[in-house]
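Engineer: Here is how the chains run, residue by residue.
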Amino acid sequence: MSAILHIALRELGSFLNSWWGWVILALMLLFDGLAFNVYAVGFQPKYSSDVLESFMEASTVTVMIGGVLLAMPTIARERANGTLALLQTAPVTEAQVIAGKYLGALSFLVIIKALTLYMPLLVQINGKVSWSQIGAGYLGLFGLGAAVVAIGVFASTISRNQILAAVLGGSIVGVLILAWLLSRISEPPLKSIFAYMALFDRHFQPFMRGRINTESLVYYASVSFGFLLLATRALKARRWV
Amino acid sequence: MIEVHNLSRYYGTFCALKEISFSIANGEVVGFLGRNGAGKSTTLKVLAGLLAPSAGTVKIDNVDMTEAPTGFRKRIGFLPEEPPLYEDLSVSDFLRYVGSLRGMSAQAIKSRLPEVLAKAQLEDRADQLISELSHGYRKRVGIAQAIIHRPKLVILDEPFSGLDPAQIRGMRVVIRALAEESTVLISSHNLPEISQTCDRVLVLKRGRLVAEPDGSSDPISPTIGGLAGGVAKNHVSLTLRGDAGAVGAFLEASPLVKGHTLKARAGLVLAYVLLNEDAPEALVEALVAAGIGVRRVEDGLAIQLEDVFLDLTEDRK
Numbered sequence: 000m001s002a003i004l005h006i007a008l009r010e011l012g013s014f015l016n017s018w019w020g021w022v023i024l025a026l027m028l029l030f031d032g033l034a035f036n037v038y039a040v041g042f043q044p045k046y047s048s049d050v051l052e053s054f055m056e057a058s059t060v061t062v063m064i065g066g067v068l069l070a071m072p073t074i075a076r077e078r079a080n081g082t083l084a085l086l087q088t089a090p091v092t093e094a095q096v097i098a099g100k101y102l103g104a105l106s107f108l109v110i111i112k113a114l115t116l117y118m119p120l121l122v123q124i125n126g127k128v129s130w131s132q133i134g135a136g137y138l139g140l141f142g143l144g145a146a147v148v149a150i151g152v153f154a155s156t157i158s159r160n161q162i163l164a165a166v167l168g169g170s171i172v173g174v175l176i177l178a179w180l181l182s183r184i185s186e187p188p189l190k191s192i193f194a195y196m197a198l199f200d201r202h203f204q205p206f207m208r209g210r211i212n213t214e215s216l217v218y219y220a221s222v223s224f225g226f227l228l229l230a231t232r233a234l235k236a237r238r239w240v
Numbered sequence: 000m001i002e003v004h005n006l007s008r009y010y011g012t013f014c015a016l017k018e019i020s021f022s023i024a025n026g027e028v029v030g031f032l033g034r035n036g037a038g039k040s041t042t043l044k045v046l047a048g049l050l051a052p053s054a055g056t057v058k059i060d061n062v063d064m065t066e067a068p069t070g071f072r073k074r075i076g077f078l079p080e081e082p083p084l085y086e087d088l089s090v091s092d093f094l095r096y097v098g099s100l101r102g103m104s105a106q107a108i109k110s111r112l113p114e115v116l117a118k119a120q121l122e123d124r125a126d127q128l129i130s131e132l133s134h135g136y137r138k139r140v141g142i143a144q145a146i147i148h149r150p151k152l153v154i155l156d157e158p159f160s161g162l163d164p165a166q167i168r169g170m171r172v173v174i175r176a177l178a179e180e181s182t183v184l185i186s187s188h189n190l191p192e193i194s195q196t197c198d199r200v201l202v203l204k205r206g207r208l209v210a211e212p213d214g215s216s217d218p219i220s221p222t223i224g225g226l227a228g229g230v231a232k233n234h235v236s237l238t239l240r241g242d243a244g245a246v247g248a249f250l251e252a253s254p255l256v257k258g259h260t261l262k263a264r265a266g267l268v269l270a271y272v273l274l275n276e277d278a279p280e281a282l283v284e285a286l287v288a289a290g291i292g293v294r295r296v297e298d299g300l301a302i303q304l305e306d307v308f309l310d311l312t313e314d315r316k
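Residue numbers (numbering that gives the first Met the number 0), protein chains in the order written: chain A, 0 to 240; chain B, 0 to 316.
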């Protein structure tokens with residue numbers, strides 16, 4: 000556990016010590032702020048719950064793009080800089096390396112999203128929404144972010160450089176988002192399989208409406224675990240090639 | 000004690016290492032030589048735990064690499080040719096992180112840090128960002144990270160590359176200091192540095208160990224003898240005038256000589272000799288008394304390692 004924590008803190012520190020981390024943070028906050036004012040609040044009268052729902056919906060964009068960008072350097076940058084040797088010759092397992100990297104990137108994403116909390120709070124103070132809707136929305140964002148970062152870490156593990164990692168991670172996320180479209184044009188049983196795979200449509204929508212969906216939490220946890228397991232295997236396989 | 004037994008490594012169907020075996024005693028400084036593509040880097044990566052062996056065993060103090068990989072890696076310190084450094088950290092912060100990664104407590108790191116900084120001659124750079132350091136200092140930080148956890152075996156891949164003469168001299172001192180608490184394995188193309196820094200050398204050719212010159216325990220073979228003479232104790236290099244057959248017969252019969260290898264060149268005989276004890280003067284007296292002219296005598300360290308290296312690794316037609 001201690002090794003995971005050290006690697007996670009180092010990863011988090013690398014974001015805070017680099018311009019890259021601050022640029023992502025600034026762009027995500029800028030986008031969320033604009034989305035809140037222009038898309039969620041808008042220019043027509045709305046119910047508070049609708050404003051919050053729209054804000055949560057718009058926030059998924061920054062979570063998905065930001066998640067991929069934050070996960071992109073985790074392993075690929077270590078490889079490019081030659082520092083992966085430091086981790087691979089240390090008395091830590093591949094699972095600890097991947098878990099540490101994952102938690103570091105996810106923590107930074109959580110910090111960024113936590114900085115947007117003031118917007119739902121403004122809605123809560125000036126309007127009429129329940130705390131549970133805000134809580135459910137952020138829980139859904141966390142689940143989505145956890146899954147996207149895990150996908151990004153996997154892409155970073157198997158890619159030669161960060162750009163490839165971002166392209167590959169973004170592509171996997173894109174396919175999982177578009178799975179809902181495939182479900183619309185497919186026949187059973189593929190229809191239900193594609194619908195279940197959809198990262199946003201089926202699994203996130205309940206959260207933005209204030210409902211905690213256990214099935215979706217299990218889905219996000221499964222996607223996270225599955226891709227982290229793949230990343231661990233991929234890192235382990237590097238010792239054999 | 001480091002024991003490597005029948006170690007092989009394949010990349011697909013390509014055999015990079017073929018059943019190499021050797022052992023290194025505690026506190027030894029051993030050079031690892033070979034031409035490009037000979038398998039040096041592969042061997043070092045396997046020993047460092049970066050690559051898994053295809054076959055064979057590697058043990059440090061009886062801890063097996065494949066049976067207890069994390070326990071094995073705890074006993075290793077590795078410096079690749081390009082030091083693995085986080086440029087956004089200061090030297091001290093970097094070493095603290097590496098120490099924690101290798102399972103050291105905060106207290107242990109705190110007490111060990113000044114020692115490591117002193118050993119790597121980095122005391123005056125402790126708070127400097129790594130991105131601001133010169134190549135020579137980066138190498139030293141690389142060494143510091145390799146030894147912070149007091150490993151049994153320190154593996155240094157090309158520690159002299161890219162250093163200027165003053166830095167090479169400093170690095171030599173640093174490496175010698177490492178041997179006080181660890182066994183050191185150095186891979187380098189810099190043969191003079193290897194001959195000055197190492198107690199003995201291992202030579203690889205096309206994935207096979209062509210010489211493990213432990214002259215103190217084995218009679219030297221024609222192949223190994225010259226090399227062993229280059230770096231080990233009780234070896235002497237002689238340039239003699241006389242018939243090669245007569246010189247050979249004399250050395251064969253001499254009680255002072257444990258083993259030898261001869262080479263006739265330009266009317267002279269070059270002899271690399273392993274003595275039973277460190278007494279080359281007695282051998283010279285005996286040679287002169289036997290009517291063999293002695294043109295030149297060099298102790299083991301002075302032998303041209305380059306000649307021996309090329310002799311061992313060149314393909315003979």
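Please keep in mind that the hints were generated in silico from the structure rather than gathered at the bench.
The reader is advised that the hints may include incorrect statements.
Taking lysine-lysine and the DSS-like style, the derived pairs with C-alpha atoms no more than 27 angstroms apart in a straight line are [stated by the list, open to error]:
1. B/K73 with A/K235
2. A/K235 with B/K17
3. A/K235 with B/K151
Covered stretches of chain A (chain B as the covering partner; in silico rule of three or more C-beta atoms under 8 angstroms from a C-beta of chain B) [what the hints assert, rightly or not]:
4. 13–23
5. 72–82
6. 85–96
Ideal Cβ positions, reconstructed from N, Cα and C, are used throughout, including at glycine.
Engineer: Does each hint fit the structure? Answer for all of them.
Structural biologist: Going down the list of hints, with the structure as the test:
1. B/K73 with A/K235: Since the Cα atoms of B/K73 and A/K235 sit roughly 18 angstroms apart, the hinted pair holds (cutoff 27 angstroms).
2. A/K235 with B/K17: 23 angstroms, holds
3. A/K235 with B/K151: 24 angstroms, holds
4. 13–23: holds (count 3)
5. 72–82: Satisfied; 3 residues make the cut.
6. 85–96: holds (count 8)
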